[in-house]
Amino acid sequence: MNAKSSANAAALPSSRLEALKAAVVALTLGFGLVWLAGFAYPESVHDAAHDTRHALSFPCH
Amino acid sequence: MTTGLIAGLVAGLAVAALQHFTTTPLILAAEVFEAAQHAHDSADAGAALSGLSRTAATSAATIAVSIGYALILLAAMLLSGDAIAPRRAALWGACAFAATGLATSLGLAPQLPGMAETELAARQIWWLATALSTGAGLFALLRLDSTAAKIAGVALIALPHFFAPQPATPESTAPAELAARFAAASLAVQAISWALAGALAGLVWRLQSRQQELS
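Those sequence lines, one after another, are chains B and V. With the first letter of the first sequence counted as 1, position 18 gets the number 18 in our numbering; the numbers rise by one all the way through. With the first letter of the second sequence counted as 1, position 114 gets the number 175 in our numbering; the numbers rise by one all the way through.
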């Protein structure tokens, strides 16, 4: 498995690998931010983001 | 990463201004009805902040969501190996709006404060599942060539709606006209925030790559 995945990694051009790494970081950060503003439970977060949650039709209350 | 931050910040500011004049006045109006109905309702969460601090908090949250949208769109384009340019990025944004806005609003219409609601966690799970499933379905339909992928795409888009949450018994304190205006405004604001996040992310990406080529 290890040998196979490293062979795959070697087969990818390094620029593509860089792009994939950046994509994974961006995706994680992006979902994190949307989660925090749109879904997180703590009351202070909910109160601050309340109008945004309603306006962007995230489920609220 | 900086691309997403800059694009999200600018898009977020624009959308926050838009919200201030479209959806927020409707929310405030609905809260007046809600407060009139339940004279001592402690669960009136929206009223925890008021005035300028409320506008600031709402804008901050909107900017956070916009940066998140821009980063998600950039990631999706990088993962699919797309060239990142404003027009293409705006189209990705449009598809993302179809997934998180149009598809989810079929089962969970945008709500004003004071409208009847069911349990939150179940609605959040259905919302997320529907958005992801519709997004994957659209990708299969638009980007994959095989017939099997297209059938799977249609199935992914249709499937969540067989499991849509049961609507609560209507007992809204807000007038129906207000709610209808809010639903329409909410969808429009959401469409604009996705399209702006995408278009600006594409634009900033292009400017940054030009700068790198020059240096």
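It should be emphasised that the hints constitute simulated quantities derived from the structure, not laboratory data. Small disclaimer: the values here were computed from a predicted structure and weren't measured. Even glycine gets a Cβ: it sits at the ideal position worked out from N, Cα and C. Errors might be hidden in some of the hints.
[What the hints assert, rightly or not] Among chain B residues calculated to face chain V with C-beta under 7 Å, some are:
| hint | residue |
| --- | --- |
| 1 | LEU12 |
| 2 | PRO13 |
| 3 | SER14 |
| 4 | SER15 |
| 5 | GLU18 |
| 6 | LEU27 |
| 7 | VAL34 |
| 8 | ALA37 |
| 9 | PHE39 |
| 10 | ALA40 |
| 11 | PRO42 |
| 12 | THR52 |
| 13 | PRO59 |
| 14 | HIS61 |
[As the list claims (entries may be wrong)] The calculated label-pair distances, taken between Cβ atoms and stated as ranges, are:
| hint | chain 1 | residue 1 | chain 2 | residue 2 | range |
| --- | --- | --- | --- | --- | --- |
| 15 | V | ALA216 | B | LEU36 | 57 to 67 Å |
| 16 | B | VAL24 | V | ALA249 | 31 to 41 Å |
| 17 | V | PRO86 | B | VAL25 | 45 to 55 Å |
| 18 | B | PHE31 | V | GLN273 | 53 to 63 Å |
Could you check the structure against the hints above and give me the numbers of any it violates, in ascending order?
1, 2, 3, 4, 5, 10, 11, 15, 17 and 18
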